[in-house]
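Here are the chains, one letter per residue:
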Amino acid sequence: MTDRSFAQSPLAALHIDGRVADASANPGVRLQERRFPDLLNLRIAVADHAIRQAVGQALGGVLPHQANTTSEAGGVVVCWLGPDEWLIIAPHGSDSLAYQLDAAIGGQHAALTDISDARAVIRLSGRHAREVLEKGCDLDLHAKIFAIGDCAQSGLAQAAVLLRRLADPAPDETTWEIYVERSFGTYLWMWLEDAALEYELAVEISD
Amino acid sequence: MLLIPCPWCGARAEKEFKPGGEAGIVRPLDPDALDDAAWADYLFNRANPKGWHRERWIHALGCRRWFNVERHTATHEIRATWPMGETSPDDVERGK
Amino acid sequence: MSRQRFRIKEGGKIDRARRVKFRFNGWNYTGYAGDTLASALLANGVRLVGRSFKYHRPRGIYSAGPEEPNALVQLGDGGQTVPNVRATMVELTDGLSATSVNVWPSLRFDLLSINDRVSHLLPAGFYYKTFMSPAFMWPTYENWIRRSAGLGRVPEAPDPDRYDKRHVHCDVLVVGGGPAGLMAAQAAAQAGARVIIADERAQMGGQLLASSDQIGGQAGSDWAAEVTSDLATRADCEVLTRTTAALFGDHNFVVLSQRVTGHVDAPEGNHVPRERIWKVRARQVVLATGATERPLVFPDNDRPGIMLASAAGDYVHRYGVRPGRTAVVAGNNDSIYPLASDLRAAGVRVVALADARNEPSPLAEVARADGVEILTGHAVTGTKGRMRLRGVSLAPIADDGLVSGNSARRFSCDLLCVSGGFSPTAHLLSQAGGRLTFDEKRGCLVPAHIPRGIRMAGSANGTFELAAVLAEGEAAGVAAAEAVGLTTGALPEAVVDGGHGPGAVRTLWKIVADGRKTKQFVDLHNDATTADIALAAREGYRSVEHVKRYTTTGMGPDQGKLGNVNALGVLADELGRPLNDVGTTTFRPPYTPVTFGALAGRDIGALAEPVRTTPLHAWHVRTGAKFEDVGQWKRPRYYPRGGENMAQAVARECRHVRTGVGLLDASTLGKIELKGPDVGEFLNRIYSNRFDNLPVGRCRYGLMLGEDGMVFDDGVTARLAENHWYMTTTTGGAARVHEWLEDWLQCEWPDLQVFTTSVSAQWATVTLTGPNARHVLADLVEDIDLSAEKFPHLHVREARVVGLPARIFRVSFTGELSYEINVPARYGMALWQALVRAGERFDISPFGIEALHVLRAEKGYIVVGHDTDATVTPDDLGMRRIAGDKKDYLGRRSLRRSDTAQSGRRQLVGLLPEEFVPEGAQIIDGKKLKTPVPMIGHVTSSYISTTLERPIAMALIEDGRNMVGERVRIALPFDQRVVMAEVTSPVFYDPEGSRLND
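If you read the sequences in order, they're chains L, V and Z.
Per my numbering: the first sequence ends with 209, consecutive numbering throughout.
Per my numbering: the second sequence ends with 97, consecutive numbering throughout.
Per my numbering: the third sequence ends with 984, consecutive numbering throughout.
Just to be clear, a hint being listed does not mean it is correct.
Unchecked claim - Just a sample of chain V residues kept apart from chain L, beta carbon distances all over 12 Å, derived:
1. G11
2. G21
3. G22
4. L35
5. D36
6. A39
7. D42
8. H60
9. G63
10. R65
Stated by the list, open to error - Partial list, computed: chain L residues near chain V (C-beta under 10 Å):
11. F38
12. A69
13. S73
14. A75
15. V78
16. D86
17. D142
18. A145
19. I150
20. A154
21. Q155
22. S156
23. G157
24. A162
To be verified - To give an idea of the chain Z side of the interface with chain L (calculated C-beta under 10 Å), a few residues:
25. D150
26. K265
27. L388
28. T423
29. Q739
30. G814
What the hints contain is simulated information worked out from the structure, not anything from laboratory work.
We treat Cβ as the ideally placed atom computed from N, Cα and C, and that holds for glycine.
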């Protein structure tokens, strides 16, 4: 099997971990690269309830059918991307998941595609995390509108992103994961850093 | 900038979408049966009204679904949006 | 340090404990924190602040707000300088430095004031008439006009400040923080709405800050402060001061421009932006934008010392400044009476009050008791004084504006306060698609059509009495909250003292004075006069939009804030039609100018445009590659070794590929996975050539056409398994092609069982190419046989390369034996480095896209979008064989349309030019270069071929395939000469294709 030491994360060239020491003492925003999650893109026809159910079971829950929401079971998160499309986010090394899903699909018409290398994943959190996003994103990110567990595809700065809200780390803080096409990763990280400067920034060691 | 209600994702800013022109233009099943004028009509000629207009949009930065929009070309008011392949709410009402 | 001679001893909203030093036109002055530049200048007795736009007449501060037409200044120095800022809106800060714009060489001695003396030569539209001929003189004229009419200067150094943007959503956006806006915001916030209230001033309160009106037993300004602090403490309420609503877009999208720093109370921090653009999407909008007082139009109504009556009140109340020593007050409505009293209380001697109305106002008693001489039925008929006002004439006025007889009385004064009534500030409403109508009784344009989701409140709605303004504000806030589904309650009732509105207004568009040549300015900012509008009417202009452009009334940065309604009135009189028949012009965004810095935000410098990089980018940088921008991608153009220049490096890289082995980063290619039982049929319809018969393990080149038959994209598609396909697209076409596929699948052929997924970024793609490619790869690959028999051209294999999971395609864009090796992007660098190491003994070299272009051009391979544009069919490219007629596909029917099937179309050919020619050069018919030159084609690609050791080119030429062997002329118009070239086949190298099949 290939060695993780050969692997380079999308933001490797930024040497993020070397900059952790520069963090402000009281940062309003924290930035972190989430490296090497397993990402599977799944497509099942809108009307194909049988496969949806089988795949949902294999995932230990159900596929979210409500637009722009996620479901989570056993550390695997499924994001709704479209009426016939989902993103499955699993911890690194969940190789057996793909086999289970393939088995659930059982040769019927569906598309399960590994896109683990196609996205850079940036985690943004802190008191001013939402304001940083609002500098470049048209979505309504108000806590009541964009709830914990919601996701949405949209634009952030000049890149297309999938945005996902995670649990609040503290009462006045929010946490977000940003999925962006790998080639835009460096640009978007630099943009986020620049947008966050006003609130004091801390770069955290990669996950 | 318009606020376009995607039938799936809800109201989103116009910059997430791309327009696809007049809705309901069906590709002829047998293009060879058409003379040049009829083919050009399918290819190029569009209604372009001042008023209500049914058109296609894709939620390009969102769910990547094409859908139908009924928009007033002068005021930009959007009366309805509905998924591709479904009947417009208006036509449902009128029993079309 | 000069004394502030015109500062009132006490009062005003300024902070007298904080003195502020500033410079204006090189002189030092002192003001207070809370002053504007305008109020501080007035406090120091500075009356002359600028020269007018066209005639260079001396001008003074005319207003106290964003409508200021005269006091435009250049603010600051160096990269931070901002031109054309209204002195009335600039908050005074220590060290502030400003200069007048549009003066040459100096404010007091302006050479171009000659324009005023020769103004009969400069009527409306003069530049359309005067400067038409001779045409060659136009640059000279233009230079003179630009200097003469210029406004400020642009900064020449980079702006060191930061600018920011923010997108926000709310239930209710309230524009304007005066009494109506505050009430609306309060009502909506109390109902639980998410509220944003914005006001362009430093403090909320609007007109309450400039009057002695009382609400609920306290000063109006105190009431405003109380409401504001209550709003600011609410969680879902944003109070934005120093924030101008600049643009009202579709569907309640409003752009606000906020001045974050650059004032006394600016927040601290290194990276705080100077300005922030707020892009607000509001479910409901309340426009409580107030009203703008109208000037009076009379002879010489522009002298320094003439000022809007409300502005004079503003300077007294808000800034504790006396705008003059001796004043005359003139107007056509009730608002001038309380002003006369206020001026007296501030120590200004008010020598006369001229009310154009014949009926005495009920408010007159107080002023009369204060000893002000009141002249009803009178208007200003002339003024004296050049650098500053010295006196005015008042005379009785008949109904038609005619001065009756010789009865004018003259008053010496240095201040003339004028009020021509109030115009609701309807710029945003107009931008939103609302319409106005003229209301005779109120003497102003009031909202007639208000689009859905917008409410007007207060004087913006033509409601001027304070009690009614408050009630209307509350009602608007309640209605807006209810419209978004919230339940509202009543606010405590506010008892009002003062705040009478203007009452009945006598509209009087201009004064018809004696025969003297005087100017009556309608638009002070653009120097447009009643005579200009009369001329336009005489010359046959009827449409108000045409008159606007012809006379420039209401154009430019001013957008008719002061002059618009008077201009309409004057035009209506000239045309003898009611004002409502004349119509109104549309106000354009922005309401007031927005800086370029704010508009650009952080989309500047390195972030101006996304820079897309491949997984191998760091290696290219380390190796010293020179990059080229390909769309948003950074791609290595060439890798110079030692002291090589580009030509040398590219030639060497080409030699490596042709004679040894080279390595290319091809990761930018678009890649799409297609899955499902109907992919073969789908590709048959999408590509011009057939795909359903492609065996598993094979790949094929395909051409995609638009329905119009024109080449749209190309690429290689492989069949990895029975129902699993893999499509590559051009780098630039990746997103476009994916959308194109989904368009047809979702909209036209939903019955086809096909799923597409973009995997462009999933795979790092490395092209190993050259006669030694097989030897390099052989050392690294496991599981498969690389021999030409077992792994021939146009086949695909899954294998492990240095232990990495890889998909290897035998496709070639160089004409040499090639392997396109794909590994998951995280391993791209590992693969590349392994190939570099393994290739060392074959003297492997990375090559960039410049060499790639030379190599592919030698083979006659096209690049879609480079050798094609949107007018090229497969036949034009000589690819008829893969655009047959056996099956239907997108664009096929169009290939039989008369214009696509006709002979004589431009066809792709090769050229052997006698020297290198630039791409885009025209191929001409005939010898002469004198225009018009018949053009029969153009060069699409042009390179120096290392292999052929000569320049080669590709071109589209009319009927080109029939011209092979002929010589054509390529025009180099800038060199005034032609280059000869021989027409050939576009395939210059290895036409049999033996090398790539090796």
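Status of the hint placing L/G157 at chain V (closest C-beta pair under 10 Å) = Constraint on L/G157 satisfied, holds at 5 Å.
Is the nearest Cβ of chain L still more than 12 Å from the Cβ of V/L35?
-> Fine: 32 Å to the nearest Cβ keeps V/L35 off the interface.
Closest C-beta approach of L/Q155 to chain V relative to 10 Å, hint status = Status holds, d = 5 Å.
Identify whether the interface hint at Z/L388 stands, where standing means a beta carbon of chain L within less than 10 Å of its own.
-> Where the cut-off is 10 Å and the nearest Cβ of chain L is about 58 Å from Z/L388, the hint is violated.
Report holds or violated for the interface hint on Z/D150, using the least CB-CB distance to chain L and a cut-off of 10 Å.
-> Check passed: Cβ of Z/D150 comes within 6 Å of chain L, closer than 10 Å.
Against chain V, with CB atoms and a cut of 10 Å, does the hint on L/D86 hold up?
-> With a closest approach of 9 Å, the L/D86 hint holds.
Restraint outcome when L/A154 is required to lie within 10 Å of chain V by C-beta distance | With Cβ-Cβ at 7 Å, under 10 Å, it holds.
Closest CB-CB distance from V/G63 to chain L, is it above 12 Å?
-> 5 Å, violated
Interface hint compliance - Z/T423 to chain L, C-beta minimum distance less than 10 Å | 36 Å, violated
With a cut-off of 10 Å, does the beta carbon of L/A75 approach a beta carbon of chain V closely enough for the hint to hold?
-> Result: violated, 23 Å to nearest chain V Cβ.
Minimum beta-carbon distance criterion (10 Å), L/F38 to chain V = 26 Å, violated
When the least beta-carbon distance from Z/Q739 to chain L is tested against 10 Å, hint result | At about 5 Å, which falls below the 10 Å cut-off, the nearest Cβ of chain L leaves the hint on Z/Q739 intact, so it holds.
Checked against the numbered hints given earlier, the structure breaks hints 1, 8, 9, 10, 11, 13, 14, 15, 18, 19, 27, 28 and satisfies all the rest.
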